[in-house]
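Colleague: The chain contents come next:
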Amino acid sequence: MSATAIAEAPAGPLLSARGVSKNYGHVVGCRNVDFELYPGEVLGIVGESGSGKTTLLKCLSGRLRPDEGSIQFALDGGEPQDIYELSEPDRRRLQREAWGFVHQNARDGLRMRVSAGANVAEPLMNLGNRHFGNMREQTIDWLQRVELDINRIDDNPKTFSGGMQQRIQIARNLVHGPSLVFMDEPTGGLDVSVQARLLDLIRNLVRRLNMAAVIVTHDLAVARLLADRLMVMQAGDVVETGLTDQVLDDPQHPYSQLLVSAVLQI
Amino acid sequence: MSQTTQAQQSPATVDGYNYAYLDEQTKRMIRRATLKAVAIPGYQVPFGSREMPVPYGWGTGGIQLTASLVGPDDVFKCIDQGADDTTNAVSIRSFFAKVADVETTEATGDATIIQTRHRIPEEPLKDNQIMVYQVPQPEPLRGLEPRETETRAMHAYEEYGLQYVRLYESVARYGEVSSGAGYPVMIDERYIMSPSPIPKFDNPKMHMSEALHLFGAGREKRIYAVPPFTTVRSLAFDDYPFTVQSWDETCGLCGATDSYMDEVVLNDKNERMFVCSDSHYCAQRRAAGLFGPMAGHALAKEEGETEQ
Numbered sequence: 003m004s005a006t007a008i009a010e011a012p013a014g015p016l017l018s019a020r021g022v023s024k025n026y027g028h029v030v031g032c033r034n035v036d037f038e039l040y041p042g043e044v045l046g047i048v049g050e051s052g053s054g055k056t057t058l059l060k061c062l063s064g065r066l067r068p069d070e071g072s073i074q075f076a077l078d079g080g081e082p083q084d085i086y087e088l089s090e091p092d093r094r095r096l097q098r099e100a101w102g103f104v105h106q107n108a109r110d111g112l113r114m115r116v117s118a119g120a121n122v123a124e125p126l127m128n129l130g131n132r133h134f135g136n137m138r139e140q141t142i143d144w145l146q147r148v149e150l151d152i153n154r155i156d157d158n159p160k161t162f163s164g165g166m167q168q169r170i171q172i173a174r175n176l177v178h179g180p181s182l183v184f185m186d187e188p189t190g191g192l193d194v195s196v197q198a199r200l201l202d203l204i205r206n207l208v209r210r211l212n213m214a215a216v217i218v219t220h221d222l223a224v225a226r227l228l229a230d231r232l233m234v235m236q237a238g239d240v241v242e243t244g245l246t247d248q249v250l251d252d253p254q255h256p257y258s259q260l261l262v263s264a265v266l267q268i
Numbered sequence: 002m003s004q005t006t007q008a009q010q011s012p013a014t015v016d017g018y019n020y021a022y023l024d025e026q027t028k029r030m031i032r033r034a035t036l037k038a039v040a041i042p043g044y045q046v047p048f049g050s051r052e053m054p055v056p057y058g059w060g061t062g063g064i065q066l067t068a069s070l071v072g073p074d075d076v077f078k079c080i081d082q083g084a085d086d087t088t089n090a091v092s093i094r095s096f097f098a099k100v101a102d103v104e105t106t107e108a109t110g111d112a113t114i115i116q117t118r119h120r121i122p123e124e125p126l127k128d129n130q131i132m133v134y135q136v137p138q139p140e141p142l143r144g145l146e147p148r149e150t151e152t153r154a155m156h157a158y159e160e161y162g163l164q165y166v167r168l169y170e171s172v173a174r175y176g177e178v179s180s181g182a183g184y185p186v187m188i189d190e191r192y193i194m195s196p197s198p199i200p201k202f203d204n205p206k207m208h209m210s211e212a213l214h215l216f217g218a219g220r221e222k223r224i225y226a227v228p229p230f231t232t233v234r235s236l237a238f239d240d241y242p243f244t245v246q247s248w249d250e251t252c253g254l255c256g257a258t259d260s261y262m263d264e265v266v267l268n269d270k271n272e273r274m275f276v277c278s279d280s281h282y283c284a285q286r287r288a289a290g291l292f293g294p295m296a297g298h299a300l301a302k303e304e305g306e307t308e309q
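Protein chains in written order, with my numbering: chain A, 3 to 268; chain B, 2 to 309.
These are computed hints drawn from the structure, not numbers from a lab. Every residue, glycine too, gets a C-beta built ideally from N, C-alpha and C. Check the hints yourself; a few may be wrong.
[Unchecked claim] Here are some chain B residues the structure puts well away from chain A; computed CB gaps all over 10 Å:
1. Tyr18
2. Glu25
3. Arg29
4. Asn129
5. Gly144
6. Ala154
7. Ser179
8. Ala182
9. Glu190
10. Ser247
11. Val265
12. Leu291
[As the list claims (entries may be wrong)] Partial list, derived from the structure: chain A residues whose beta carbon lies under 8 Å from chain B:
13. Arg93
14. Leu96
15. Ala100
16. Ser117
17. Ala123
18. His133
19. Gly190
20. Gly191
21. Val194
Looking at chain B on its own, in the form it has when it is part of the complex:
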C-alpha cells in the first residue's frame, strides 16, 4: 500500500513530470473517490478522469487508480489476459517503473498492486494486495437501459429486476447463462456491479477476498470497489444456478486442470493446445517440476521454450 507522504516528497523520476505522472491534486481527487467507493461497496463513484498518454480502451481508468495509489515501496504487477508478457502489460509496467520508480514483478505473491484487465490471478490474494481493474463499461444495466438517469435511479432504489432480463435472454437462447465475461454480481447484497471483463470463472475469487479490489473506468469516469471480506454473489435463477467454465483439457505446458485455459491454434491441420491464461501460475508450476502433455514439444523448441 502506498504511503502518500513519502510519495509526495520523493523527487520526480522523469524530468518535468510529477511523481507517478499525475499531479498531486488529481491523485487526491482520485483517492477521495476511491475512499467513497470503498465505503459504499459496489457503488459507482463519478470522478474527474484525466487525459492519459494512452488511448481510451488501453486502461486509462486502471492507470489513474494505480498512479494515485503507488509509492516507491510498492511492488507492481500488470497483467493482460492473465499474461505478464503481453504488449499492454509490458508497456504499463515499464510506464510505472519509469514515472514512479516502483519495483515491478511477475510474481503474484510478491506484488502489492496488481493491475489487470481480464483476469484475477489463480494464486489466492492476500490482505496486503490491491487489485486494480481496467473497466471499459462500468454500468451493468447499460445494454438494457440506455438512459443514465434511469440506471442511476434503479441502483438507488434497488430496482434490479431488469438485470435478470439479460440472464433470461441467455437461458432462453442457449439453455444456460452463457455470458462468459462481465457477469453481473451483487455486492454486499445491495449494489449490482459489473466485474469488468473478467471471466465468470473469476467471480467466486472476489467473494470474501482478503484483498481490496478497485475498478476504474477512464472514459466513463467511474470508480467502484469491492472492499476486503465483502460478499460477492453472482446472479442466477433458482432453477439455473451459477456455474463457472470448466475444461476437459489440461494445460499443455504445466498440466494444470483447475486453471482458466486459453485455446491456442497451432497450425492449419486442426492442431491446438490449451494453456493456462495466468502465465505466472503456469511458470510456477513448471518450475516446480510439473509438466503437461506438450512440454518439450517440437514447436516449443523451434520457437525457443518460453523463458521464465
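Here chain A stands alone, though its shape is the one from the complex:
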C-alpha cells in the first residue's frame, strides 16, 4: 500500500453504493442511498441519532446485507466487485486485509483479554506475518504514532483510559495499511480535550497515509475537521450531500439548516 500505487490507479471510485436500502421490519434503517467514494477521500455521514447512519455504515462495511441495492469495492484499483456477491471467506479476507473498522466503543473493537501490543499486531498476523521481532517493531512504531507510552505495550487494554483505548483501536485498524477505514463515532464519549487530540491525530494519519475513510458522526465539528464531503441523513434518507464547507456554511435542506443552527456556539 503506497501513495504512488493509488496515484497510478485509474480514477475510478474505490467504493460505490447504488440504491442501498435496509429495513428492520416496518422500521426504515436507510433508504435508497447512492454515493461514490474515491481513493484518499474522507466522507462524513452526519445526522441525529436514529437517522440510519450506523445502519448504512454496517451495510457498507459488509457487516449487514442490505435489502436492496449493491455496494461495490475496487481492490487496489482493480475491477469493482459487489461485496455481497463475494463468497464469505473472500468478503472476510477483504474486511481483514483492505479495510479497517473503528468502533464507537473501543471495547467492541479490541480484544480485551490480550495486551495492547498484541491487539495492534493481530492484523499483521492475519496477513501472514510470522516474525515476532518485525511485528514488534511495527507495533512500537504505531503506538508512538498514536502517542501512547511504548513502555505500556504489554499492558492489558482495560488498564488504559477510554481515550487511550480508542487510540489503540485506531493503531490496530491502520497498522496493516488498509485502503479504506470505516469509523463509527470515533470520538464519541470522550472528553473534549482528548477528542481534539484524537481528531488531530486521525486527520494527520488519514492525510499522510492517503487512505479513504467513511466517518459516521453526529458531531458537526468532527465532520468539519475530518471530512472532505458530507452526507446529511434524516429518518433513513440522504437529504443533502456536498463538500463539507459548502454543506456546513450554506445548508440547503431545512433539516441541514436545523442541524447546523443547533450547534452550540461558545
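Add chain B to chain A, keeping to what the hints say.
Modeller: Structure of chain B alone, referenced to chain A:
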C-alpha cells in the same frame, strides 16, 4: 483394534449393562464421528456425548471413545500424568476390565488401546496401537474468541492469524513461547488443533506417528483425530522456533535424562527430586539395571520401594 462383530456378540460382563457400558447405537454413533474425524485430520467432529458414570473432567470423552473401540481381544492401558498407578488411571482401567472384560496392562508395548490425559508414553508407539486422549477444551481459539460461530468460521476458512496472538503474548511477556501444555499444532497443514493438555514435550511424538491418535471431549461434545503418518507441526514464529522442555536433572530413580520429569518435593528442608513422569518407562529402565542418584534412598526404603 476392536472387532465390532465379536464385541456385539459377546455377553454383557456386568448384569444389566451392555458390553463396554454404552449401548450399541451410541457406540455406532461414536464410531461414525470417529471415522469422520480420521477422514478430516484435526477437524472437530460434534457427537452426541452421553452422561457417563463419572463427572465431567474425569475423562468422559476418552471413556466414551474407548468404550466404542474396545473388544475382548484388546489390551488396555490407562495413564494419568504419565503414571499407571494414579487414582483416575486405576479406576478407569478397572472400569473397562469390569464392563468390557478386557485385558489390562501397564506395559506400553503390549497395549492396543492407551487412554491418557496428560502424556504420550516415552516408548515409541506402533501401528497396532490407538491413543485415546481425554480432552477438557478442544477449541484452540477459545481463549481468544469466545463465539463458537466465529471459531468455526475461522477453522473453515483457515483464518489462523488469531492463533498466533497467543504466541505473541507469550513471547512479549516471557521472551519465549511459554505455554507448556495444550500447545497448538497444525495438522496436515490444514487444521489447527489443540493437542489436549499434553505437554509440548510430547508434540513431536505425534508427528508422523505410526499409531492412531483420537481425542474425545465429553463436555464439549467433540471428537478429533490425528491419523497415522500425518504431519503435526507445532506453531512458532520465524525468530522464535518451537522448542521442548528440557531438564538439567536426571531421574532420581532410573537416571534417565531424556524423559519428561516431574519434580517431587521431599520434605520441608528444600530437598526435592526429579522423576520420570512415565512410570512404566522408569520401571522398565530400573528392571534393566539402570539406576539414578536416589535409587535405594532412605526415604524410598521407609515407604517401601515402589513395587514394579
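Colleague: Confirm or reject each hint.
Modeller: The hints, checked one at a time:
no.: 1; hint: Tyr18; verdict: 44 Å, holds
no.: 2; hint: Glu25; verdict: 40 Å, holds
no.: 3; hint: Arg29; verdict: 34 Å, holds
no.: 4; hint: Asn129; verdict: 38 Å, holds
no.: 5; hint: Gly144; verdict: 7 Å, violated
no.: 6; hint: Ala154; verdict: 7 Å, violated
no.: 7; hint: Ser179; verdict: 13 Å, holds
no.: 8; hint: Ala182; verdict: 19 Å, holds
no.: 9; hint: Glu190; verdict: 14 Å, holds
no.: 10; hint: Ser247; verdict: 22 Å, holds
no.: 11; hint: Val265; verdict: 34 Å, holds
no.: 12; hint: Leu291; verdict: 41 Å, holds
no.: 13; hint: Arg93; verdict: 10 Å, violated
no.: 14; hint: Leu96; verdict: 12 Å, violated
no.: 15; hint: Ala100; verdict: 15 Å, violated
no.: 16; hint: Ser117; verdict: 6 Å, holds
no.: 17; hint: Ala123; verdict: 6 Å, holds
no.: 18; hint: His133; verdict: 5 Å, holds
no.: 19; hint: Gly190; verdict: 25 Å, violated
no.: 20; hint: Gly191; verdict: 24 Å, violated
no.: 21; hint: Val194; verdict: 34 Å, violated
The structure fails hints 5, 6, 13, 14, 15, 19, 20, 21 (numbered hints given earlier, in ascending order).
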